[in-house]
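Q: Let the sequences and hints guide you as you build the complete structure.
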Amino acid sequence: MAVGNVQITGTGQLIDLSRRLRAAGGPRLRANFARRIRRAAEPMHADLQSAIRNVNITPGRGPRTGGPSPTTRPLRATIAEAIRISVRTGANPGARVWVDKSLLPSDLRNMASVINEGRIRHPVYGNRRKWVTQWASPPWWDTTVNRHTPRMRAEVERVLGDVRRTIT
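When we follow the working numbering, the leftmost residue of the sequence shown carries the number -3, and every step to the right adds one.
Honestly, the hints are just simulated from the structure, not real lab data.
Even glycine gets a Cβ: it sits at the ideal position worked out from N, Cα and C.
Any given hint could turn out to be false.
[Claimed, not checked] SDA-like mimics (lysine to any residue), calculated; alpha carbons at most 25 Å apart, straight line:
1) LYS97 to GLY114
2) LYS97 to THR139
3) LYS97 to GLY122
4) LYS97 to ARG49
5) LYS97 to ILE53
6) LYS97 to ASN50
7) LYS97 to ILE81
8) LYS126 to ASN52
9) LYS97 to SER82
10) LYS97 to PRO70
[To be verified] Ranges between beta-carbon positions, derived for each pair:
11) LYS97 to ASN28: 28 to 34 Å
12) PRO55 to SER98: 27 to 33 Å
13) ARG15 to ARG125: 56 to 62 Å
A: Take a look at the structure:
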């Protein structure tokens, strides 16, 4: 799975429930539904942020010249801050956890998926004539999402059941 987003959407139950929520017209009920779905996604969101902050990136082979970084921003923290959650209760209801690339600097837009793949190739301190390969392990996005998906699906099913009982 590529880094980008995790969605639990489009199931027939969610669409049917969304229509019933609109028909019931209860903004309080709709807000409660959205809040509980968001709460189901928050542990995955927090774990994804923690996972990227703790990814081990090993130095590549080559000369160890050292020196200051050409940027002052911390790579892993910058990516962690770009991880977002959204909940929709409209026509296409569901929850989504994704890396918002618009919050990343232009030179880091694809870095989340590059780190997830495990091989990071980049110029040494911005010198485009000298490149180095670094390794990151494990695939931080895939591992975390796979660990949380069953729990999140079960929680969404529980919320759906509760709201369905309230409507009917």
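Q: Are the hints correct? Go through all of them and say.
A: We went through each hint and held it up to the structure:
1. Proximity of LYS97 to GLY114 is assessed by CA-CA distance (about 19 Å); at most 25 Å being required, the pair is judged to hold.
2. Restraint check: the Cα-Cα separation between LYS97 and THR139 comes to about 20 Å, which is no more than 25 Å; the hinted pair holds.
3. Only pairs whose Cα atoms come within 25 Å are accepted, and LYS97 paired with GLY122 is accepted, the gap being roughly 22 Å.
4. For the suggested pair LYS97 and ARG49, the alpha carbons sit about 17 Å apart, so the restraint of at most 25 Å is met.
5. Using a Cα cut-off of 25 Å, the hinted pair LYS97 and ILE53 holds, with the two alpha carbons roughly 21 Å apart.
6. For the hint pairing LYS97 with ASN50, the CA-to-CA distance comes to about 20 Å; that is within 25 Å, so the pair holds.
7. Between LYS97 and ILE81, the direct Cα distance comes to roughly 13 Å. Compliance with the 25 Å bound is thereby established for this hinted pair.
8. For the suggested pair LYS126 and ASN52, the alpha carbons sit about 23 Å apart, so the restraint of at most 25 Å is met.
9. Distance hint between LYS97 and SER82 is fulfilled; the C-alpha atoms sit about 15 Å from each other, no more than 25 Å.
10. Proposed proximity of LYS97 and PRO70 is supported: the alpha carbons are some 16 Å apart, at most 25 Å.
11. Judged by the Cβ atoms, the range 28 to 34 Å given for LYS97 and ASN28 holds: they are separated by roughly 31 Å.
12. For PRO55 and SER98, the Cβ-Cβ distance of about 30 Å falls inside the hinted range of 27 to 33 Å, so the restraint holds.
13. Checked against the hint of 56 to 62 Å, the pair ARG15 and ARG125 passes, with Cβ atoms roughly 60 Å apart.
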